[in-house]
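Chains as they are written, first to last, in my numbering: chain A, 1 to 131; chain B, 1 to 1027.
Rather than coming from a laboratory, the hints here were simulated on the basis of the structure. Backbone N, C-alpha and C define an ideal beta-carbon position, used for all residues, glycine too. Check the hints yourself; a few may be wrong.
[What the hints assert, rightly or not] The calculated lysine to any residue pairs, modelled on SDA-like cross-linking and capped at a C-alpha distance of 25 Å, are:
1) A:Lys117 with B:Gly931
2) B:Lys1011 with A:His116
3) B:Lys324 with B:Glu338
4) B:Lys290 with B:Asp233
5) A:Lys33 with B:Leu957
6) A:Lys2 with A:Asp108
7) A:Lys68 with B:Leu957
8) B:Lys167 with B:Glu29
9) A:Lys21 with B:Gly931
10) A:Lys117 with A:Leu127
11) A:Lys119 with B:Ile906
12) B:Lys372 with B:Asp426
13) B:Lys922 with A:Pro25
14) A:Lys117 with B:Glu29
15) B:Lys801 with B:Asp426
16) A:Lys117 with B:Glu923
17) B:Lys324 with B:Gln335
18) A:Lys21 with A:Asp50
19) A:Lys119 with B:Ala649
20) A:Lys2 with A:Arg40
21) A:Lys126 with B:Met915
22) A:Lys117 with B:Ala649
[As the list claims (entries may be wrong)] The following residues of chain B were derived to be distant from chain A, with all beta-carbon distances above 12 Å:
23) Glu404
24) Glu464
25) Ala942
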Amino acid sequence: MKTLIVEDDFTSRLLLQEFLKSYGPSHIAVNGKEAVIAVRLALEANEPYDLICIDIMMPEMDGQLALKEIRAQEEAKGLKPADWAKVVMTTALDDPKNVIGAYHNLCDAYLAKPIHKSKLLEELRKLRLIK
Amino acid sequence: MKITTRFLYIDVLLVVLALAVASLILLTEVHDEAEKSALREQDNNLNTFWKLVTSKGRDIRIVDGKLLVGKYVVNDNNELPDQLRDMFGCTATIFMGDTRISTTILKLDGSRAVGTRLEGPAYDAIFRQGKPYRGEALILNIPYLTAYDPIRNGNGEIIGALYVGVKKSAYFATYEELKTKVFILTIILMVLFSFIALLLIRFRRRADEALEESEIKYRKLFELHSNAILMLDGTTGKIIEANASALRLYGYTRQELSAKTIYELSAEPDKTHGAMEQGQQIVEIRLHRKIDGTVFPVETFNSFFYWKDRRVLMAAIRDITERKQAEENLQDFAQKMELKNKELDQALLRAEAATSHANEMAAKAELANQAKSEFLANMSHEIRTPMNGVIGMTRLLLDTKLDEEQRQYAETVRSSGESLLDIINDILDFSKIEAGKLEMETLDFSLRDLLEDFAATMAVRAHEKGLRFICAAAPNVPDYLRGDPGLVRQILTNLTGNAVKFTHQGEIAVRASLEQETNSDTVLRFFIKDTGIGIPAEKQDLLFKKFSQIDASATRRYGGTGLGLAISKQLTEMMGGQIGVISEEGTGSEFWFTVRMGKQPVQGRTIDETTDIRGTRVLVVDDNATNREVLIDQFTAWGLRAEATPDGATALQLLYQARNAGDPFRMTFIDMQLPDMDGAMLARIIRADETIKGTRLILLTTLGQRGNASKMEGVGFDAYINKPARHSELFDCLTTLLGYTTVARPAQISVLQQTASKLRQGPTRILLAEDNITNQQVALGILGKMGLRADTVANGEEAVKALEKTPYDLVLMDVQMPEMNGFEATKQIRSRQSAVANHEVPIIAMTAHAVQGYRERCLEAGMNDYITKPIDPQVLSEALDKWLSKETAPVSSQETAFVSTLDPEIPVFDMAGMMVRLEHDKELARLVANGFLEDMPRQIEALRDCLEAGDTAGAKLRAHTIKGAAANVGGECLRQIAYDIENAVDLDVIKDSITELDAHFDDLKQTMTKKLLRTIPYGGHHENTYC
Chain A
1 MKTLIVEDDF
11 TSRLLLQEFL
21 KSYGPSHIAV
31 NGKEAVIAVR
41 LALEANEPYD
51 LICIDIMMPE
61 MDGQLALKEI
71 RAQEEAKGLK
81 PADWAKVVMT
91 TALDDPKNVI
101 GAYHNLCDAY
111 LAKPIHKSKL
121 LEELRKLRLI
131 K
Chain B
1 MKITTRFLYI
11 DVLLVVLALA
21 VASLILLTEV
31 HDEAEKSALR
41 EQDNNLNTFW
51 KLVTSKGRDI
61 RIVDGKLLVG
71 KYVVNDNNEL
81 PDQLRDMFGC
91 TATIFMGDTR
101 ISTTILKLDG
111 SRAVGTRLEG
121 PAYDAIFRQG
131 KPYRGEALIL
141 NIPYLTAYDP
151 IRNGNGEIIG
161 ALYVGVKKSA
171 YFATYEELKT
181 KVFILTIILM
191 VLFSFIALLL
201 IRFRRRADEA
211 LEESEIKYRK
221 LFELHSNAIL
231 MLDGTTGKII
241 EANASALRLY
251 GYTRQELSAK
261 TIYELSAEPD
271 KTHGAMEQGQ
281 QIVEIRLHRK
291 IDGTVFPVET
301 FNSFFYWKDR
311 RVLMAAIRDI
321 TERKQAEENL
331 QDFAQKMELK
341 NKELDQALLR
351 AEAATSHANE
361 MAAKAELANQ
371 AKSEFLANMS
381 HEIRTPMNGV
391 IGMTRLLLDT
401 KLDEEQRQYA
411 ETVRSSGESL
421 LDIINDILDF
431 SKIEAGKLEM
441 ETLDFSLRDL
451 LEDFAATMAV
461 RAHEKGLRFI
471 CAAAPNVPDY
481 LRGDPGLVRQ
491 ILTNLTGNAV
501 KFTHQGEIAV
511 RASLEQETNS
521 DTVLRFFIKD
531 TGIGIPAEKQ
541 DLLFKKFSQI
551 DASATRRYGG
561 TGLGLAISKQ
571 LTEMMGGQIG
581 VISEEGTGSE
591 FWFTVRMGKQ
601 PVQGRTIDET
611 TDIRGTRVLV
621 VDDNATNREV
631 LIDQFTAWGL
641 RAEATPDGAT
651 ALQLLYQARN
661 AGDPFRMTFI
671 DMQLPDMDGA
681 MLARIIRADE
691 TIKGTRLILL
701 TTLGQRGNAS
711 KMEGVGFDAY
721 INKPARHSEL
731 FDCLTTLLGY
741 TTVARPAQIS
751 VLQQTASKLR
761 QGPTRILLAE
771 DNITNQQVAL
781 GILGKMGLRA
791 DTVANGEEAV
801 KALEKTPYDL
811 VLMDVQMPEM
821 NGFEATKQIR
831 SRQSAVANHE
841 VPIIAMTAHA
851 VQGYRERCLE
861 AGMNDYITKP
871 IDPQVLSEAL
881 DKWLSKETAP
891 VSSQETAFVS
901 TLDPEIPVFD
911 MAGMMVRLEH
921 DKELARLVAN
931 GFLEDMPRQI
941 EALRDCLEAG
951 DTAGAKLRAH
961 TIKGAAANVG
971 GECLRQIAYD
981 IENAVDLDVI
991 KDSITELDAH
1001 FDDLKQTMTK
1011 KLLRTIPYGG
1021 HHENTYC
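Next up, chain A with everything else stripped away, as it sits in the complex (with noise of 0.2 Å):
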């Protein structure tokens, strides 16, 4: 599994690193247009992302905004949505309007902020991204 973390704190990252380290590699951006690259140079290397953690509230670029781009190159791509990145939404706690819009931009789950370990796996086996 390939993984894109997307966030602009140190300490999520490193959570998200640690979490995931045993399921494959993670490459890092600390914000969305970092995010919207990797990604695009991901898939012109044919070397899709499986999986992008990604916080909402970023400077730079957003991570709704970056979500809307990444799935637009996905689409020019010509992917089909089955294959797309699975998207998981972290935020924090008290990002309600965010939560929704992450919906309507089709990310695939959420999880609120202090990140669980348990909760993200159990997100990653309902994707069926890990047994």
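Based on the hints, put chain B in the right spot on chain A.
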């Protein structure tokens, strides 16, 4: 048998022989007839021949070698024979002497056979005896019947002969034919009969075999029968046959036995004689003798029959030695039993006497009991009056200025007095009922008012223990009743009190339902269901008996007189009802009782149905199924269209669906605690979306739940209601928020708020666990100076017990105590399994160990703080200030807006939570914490930069990042302050709070280091581990 087969052969042979003879006779007859007719014919032929011959002249003689008849010369003149042949077809010849001189017979060459001679018997008869001859001869190999007559001359001398012959076949054709037919017929018949005979023989043989088989079978039956069977001559008693069992039984060989008579086998020959003479079928018991002389009892079954005119006796004989033995034993036993029976009868007589005595005693006891109850009823009351005086006065005394010793004594008097009073109250009630002194009142009352009042008091007790409390009456239960509300309430209080006492987590639900209803009467059923320890099935019967708790240890553990349920039973029975329980150990109990109540003629004011709230669409979001059910039931009864869901995500879905359908929910009731997101978050989500924010939001909170009303209001709730929701409150809330009544919303909220906050007030209850008297007195003295009182216990076990009974506000815990030390006691108090009312009660350790590391041990054990002995009044005072202030301190004023919204319970560092999230990976926790501690100052710096640059949006974004990071590591206080900054409107306010943010980070850093990293040295015990 073979004989019969042989008979059959002879039979067949005879039949065949008879047939042959019959046909022979028939043939002979036919033959004779043919012969006769042939002879007749010959005679006729001869006579005619004679007439022909004599027609030539009577004078016959031989002259010159010529035979002359008259003048007619016969020699070589064939006229006469030819004439005869032409007339009759026969052959004819005339002999002169023995020589043929005229004939019809031709030689083989065709010439007349004249000149040949007569020979044989015909010659002898004619010429030697002078007689005619009749016979047979072969002429040219054809058989002919021949007839010869002699020809005599005038002197009577024989000079020749006449011959006539006919073919034999002409007369015997019929005979020959018949002979062949009879022969064939006879053969056929013989074959047929032989075949039949064969069949019969075979059939017979089969029958013979069957017979033989049957014989073998019966022989075997006879031989192998387990009984000895003897076949006797009925007259002599001689043994004809004996089977194998008989040989075995008597020990003789077959030959030996067949030489004996029955009398020789019998040991009582006289009786045997009698039996033989009777000649009937009888069963007898006899003594017989074996070959070795042993005499043994037998049972014989005799049957007589006749066989070839011989009277035969068939005796079946069974050895009954064992049976006799068993019978004897049985008889023996029966005798013994009879003896025992007699003894029993005597015992019964004695018992009857004792019973009647016991009945007398019981009657006396009943009277005595009654008297005792009456006495108790009177006495209890007498005791109660002065007890009230004692307790009341002690309370007053405690409020006066007392020295420590006096205070200690007075305190003991107070607590002992209160316990005593509880017990006395129970006894008083019970004995009053038993003595029939309790009078029922008949009052008009509202059941719902009663339940709501009751719920309000009970909910506090339940919530103190962290239990959910639900209380509701089914919508169809009539409200305006007539009866004794006091008794109903007492039963409810008893049962619910028990439920609270025996339940350590979960919920308690009190429900009322309608059992029966007439115009004037109603039977109600109340259920009190808990999720407590439950009652073992075998103990359930004991429950409602006086003075019994489920076991003695329970009495010690939970206190009480054990009278509550007995009283409840008496009370329900007085009100024409019943009481019972369904319980499963470890799962919970459901007590129920029924009462019969009158109905008030007019059902008074009901909820104002004219207010048209019907049809309003309402959503309930609560993870507790019982709560959902109660609300839905009530809403449905009011005609609302209510739906419910257990979690926030589904709630959102429903809200969107309703919006899309153009039929939005007008109100949404949200529980504070939801599985996926808390109520506040759900409210924010709803309020944040323009399309669904129109729904009115009502927060369902638990009474005494640690929360903050203003915070809730800030989130966007329109109102909040304490669970269990009162009927009227709920209705008012609906009508108010839907705009049907004029009650102002803020007013309602403030009223509710007051109710909640009032509960927090009241005297401070401190428990001192200390085994050393001096230390106790010191501590009590210091506390007294501060105006605080404390109850004292001498060890951990007592401390735990005291906490089960009383929800203390704080515990001062000595670490080293006998029985149970402070660590163990703390563990029990914190354990959800224990019966302690408040598991979260602050515990301050007191110890003489002023070494580093001991403090950590205390904190690890679950204590909140730590002070060293000898107790420094200043230190104790500060610790108490810190731990009691969260309970009693009023919410500070508005000037520190953020601080006020901080729940005082929020911990600086929720290490436990963090560890759970990281699945107890301590290494990872350290890694993350270190990373966090390094990164955070940069984040705070960035936030500060934004503020200085006047970039509010940037500052908020930074705050948001800090919030997320803090949440990840369990930095709850830091997270809260970051949250406040993120949501603040005023830049100045944010600037003010940045210092606070710094402080919180420092706190977190210290605590985290200490608890998790242990790299930074311990730095005194005054720093806040809580906000």
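So which hints don't hold here, by number, going up?
Hint check: 14, 25 fail, others pass.
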